[in-house]
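S.K.: Please take these sequences and the hints and turn them into a complete structure.
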Amino acid sequence: MARILTSSLTPGMMLSRPLLNKNGVMVLSDGTELTEALIKKIRKMGIDEADVQGTTAAFSGGRTEALAQLDARFKNAETAPHMDVLKQLVREHLEGLCGNDGSESAEE
Amino acid sequence: MDLRALRNRVETIQNLATIPSVAKRLLEIVGKPAVSLGEISDFVSHDPALAAKVLKMVNSPVYGFPGRIASVNQAVLLLGLNVLRGLLVGVTVFDLMQKAMIGLRDHSLGCAIFSRIIARRKGLKDPEELFIFGLLHDIGKMVLVFNFPKEYAKVMDGAQTKGVTVYDVEPDFFSTTHATVGAWVTEQWSFPKPLIDVIGFHHRPHLAKVAPMETAIVHFSDIILRARGFGFAGDTCVPPLSPYAWDTLGLTEDDIKEVLKEAEDLLEEAADLSF
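Protein chains in written order, with our numbering: chain A, 8 to 115; chain B, 3 to 277.
Worth flagging that the hints you see were computed from the coordinates, not collected in a lab.
Mixed in with the good hints, there may be bad ones.
[To be verified] A few chain A residues facing chain B, derived, Cβ under 10 Å:
1) Q60
2) A73
3) R80
4) K82
5) H89
Glycine included, every Cβ here is placed at the ideal spot set by N, Cα and C.
M.R.: Pasting the structure below:
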């Protein structure tokens, strides 16, 4: 479960908490599967964030951000023994996760 | 800060007003050197909320116990005294962890997940025990945050500014680290020696005497979890891996890939496992 920006929502994601509008009124219940049309409506209503199932917070910003964050995390340890191998393995792992836009985990 | 004064302070954590009375009573029971299974089982059975938490945890895919555990008595029989004690402290400090530091609970659970997966891969006879070790490895952080919230906030700021870990900055404020503090309190609670060893040396696994393999596993899990990016342990960078732990574990690249994959689904479950 993660709270992500509505600009990062993709079709197929499922709400893990009810979605509230700016006045606190529920507009969609939890468990709702998001479609292209729903996402457009959500953004139009000016709702900034939504709680969705699956995707963990690390990937809310998508692949580019996930990899930039990885670089930042390793900044001071890259030259230490074995860290290059570890970083490469984690990078491949994260790329694999981001490749499906998080929609795979939402299908379960 | 004077080391002896610090030790005195943290070892009387039960007296802290911020610790709920249930947790205090629990720590008294599980900390008794000669506590029996019967006593623990009685205590848990009389606290339905606690019993529910334990059963929820052991039946979660995150914990990975084969089969279903339906009652506290069954849990006592199947898990044994040490695992149950660790588990009880784990579920009790869960909320406290989150209060101490947003994300510490996820970090602890994530480390528990990786530790269990690697332990199974290395053929250790009790992978569930490693789950507990991972779950409690940062308990010293929680103790420090609760006792010295202002100072610990400065530690976190310092780590952020310098781009290092809280472990590197803690000695400037406390003359020691969360690892040592964690070892003190768990020693005080008469926890099993291997667990104390893991907590005390999870940043320097080559110094572990009682449980070198277990300590190497938790160290590696801590690093790979931070590399993956999950939860929050007070800082945002990945500390260097101990070459000793790397050699001790002898994991191949394929092993590591599979460990990451296996952990992934469970990390999602962990994020949903709230009490």
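S.K.: Would you mind marking each hint as holding or not holding in the structure?
M.R.: Status of the hints after comparison with the structure:
no.	hint	result
1	Q60	8 Å, holds
2	A73	8 Å, holds
3	R80	5 Å, holds
4	K82	6 Å, holds
5	H89	5 Å, holds
When the structure is compared with the earlier hints, no violation turns up for any of them.
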